[in-house]
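Here's the letter readout for the chains.
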Amino acid sequence: GAVVSQHPSRVICKSGTSVKIECRSLDFQATTMFWYRQFPKQSLMLMATSNEGSKATYEQGVEKDKFLINHASLTLSTLTVTSAHPEDSSFYICSARALRVGGTDTQYFGPGTRLTVL
Amino acid sequence: AQKITQTQPGMFVQEKEAVTLDCTYDTSDQSYGLFWYKQPSSGEMIFLIYQGSYDEQNATEGRYSLNFQKARKSANLVISASQLGDSAMYFCAMREGAHFGNEKLTFGTGTRLTIIP
Numbered sequence: 024g025a026v027v028s029q030h031p032s033r034v035i036c037k038s039g040t041s042v043k044i045e046c047r048s049l050d051f052q053a054t055t056m057f058w059y060r061q062f063p064k065q066s067l068m069l070m071a072t073s074n075e076g077s078k079a080t081y082e083q084g085v086e087k088d089k090f091l092i093n094h095a096s097l098t099l100s101t102l103t104v105t106s107a108h109p110e111d112s113s114f115y116i117c118s119a120r121a122l123r124v125g126g127t128d129t130q131y132f133g134p135g136t137r138l139t140v141l
Numbered sequence: 006a007q008k009i010t011q012t013q014p015g016m017f018v019q020e021k022e023a024v025t026l027d028c029t030y031d032t033s034d035q036s037y038g039l040f041w042y043k044q045p046s047s048g049e050m051i052f053l054i055y056q057g058s059y060d061e062q063n064a065t066e067g068r069y070s071l072n073f074q075k076a077r078k079s080a081n082l083v084i085s086a087s088q089l090g091d092s093a094m095y096f097c098a099m100r101e102g103a104h105f106g107n108e109k110l111t112f113g114t115g116t117r118l119t120i121i122p
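As given, the protein sequences belong to chains A and B, one line each in that order. Taking the working numbering, the leading residue of the first sequence gets 24, the next gets one more, and so forth. Taking the working numbering, the leading residue of the second sequence gets 6, the next gets one more, and so forth.
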């Protein structure tokens with residue numbers, strides 16, 4: 024259980040275009056999803072917390088107008104990178120909060136999306 | 006100050022040996038949770054094990070166990086009988102606070118584990 028999918032797994036786009044990444048919880052409902060960014064050989068950095076039916080909460084330094092997050096349903100959150108530039112090239116990974124057996128709140132991660140902006 | 010510190014950027018271990026990955030944390034909260042995730046070269050983050058700050062016993066999940074030493078603020082991951090498939094990056098993470106909804110995770114810098122046949 025607690026499977027999270029992401030689409031697409033890889034995307035290459037031209038500078039100035041927008042890219043949408045989908046994050047889905049497949050076998051559970053997730054009122055809260057998280058978006059992370061990971062540069063090569065570095066750790067995960069939280070970008071924003073996405074709550075179903077409300078505005079996302081962005082971490083300090085993350086441009087909310089550039090990284091648009093929509094959590095329209097209990098199983099889907101989308102991240103749109105608007106007017107992408109080469110410096111936006113990175114590995115984007117989402118997670119969804121679920122309760123494990125025993126009641127522990129745990130984040131389950133999607134497989135990630137590698138974005139390359141030319 | 007770093008909230009999560011992983012001091013071993015890389016480790017090489019012989020297959021079938023046990024391995025300990027270090028993690029120390031810094032928090033003033035009384036209620037917190039500690040997680041270990043595995044990230045293979047494919048990129049996905051795989052949840053391995055969880056330890057709550059109030060859990061009196063060390064967590065275990067199959068070949069994984071967590072050596073939780075609260076006074077020292079350490080939460081080391083122990084992998085018994087290592088396998089070639091264990092080669093990956095391993096991240097320690099912490100969730101602070103007891104309030105429902107405060108689920109942000111802070112990750113360490115990771116340890117790259119390589120199992121040698």
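There could be a bad hint or two in this list.
Only some residues are given here: those of chain A computed to face chain B with a beta carbon under 10 Å [what the hints assert, rightly or not]:
id	residue
1	A95
2	T129
3	F132
Honestly, the hints are just simulated from the structure, not real lab data. Every residue, glycine too, gets a C-beta built ideally from N, C-alpha and C.
Outcome of the hint check:
no.	hint	in the structure
1	A95	20 Å, violated
2	T129	6 Å, holds
3	F132	4 Å, holds
When the structure is compared with the earlier hints, a violation turns up for hint 1 alone.
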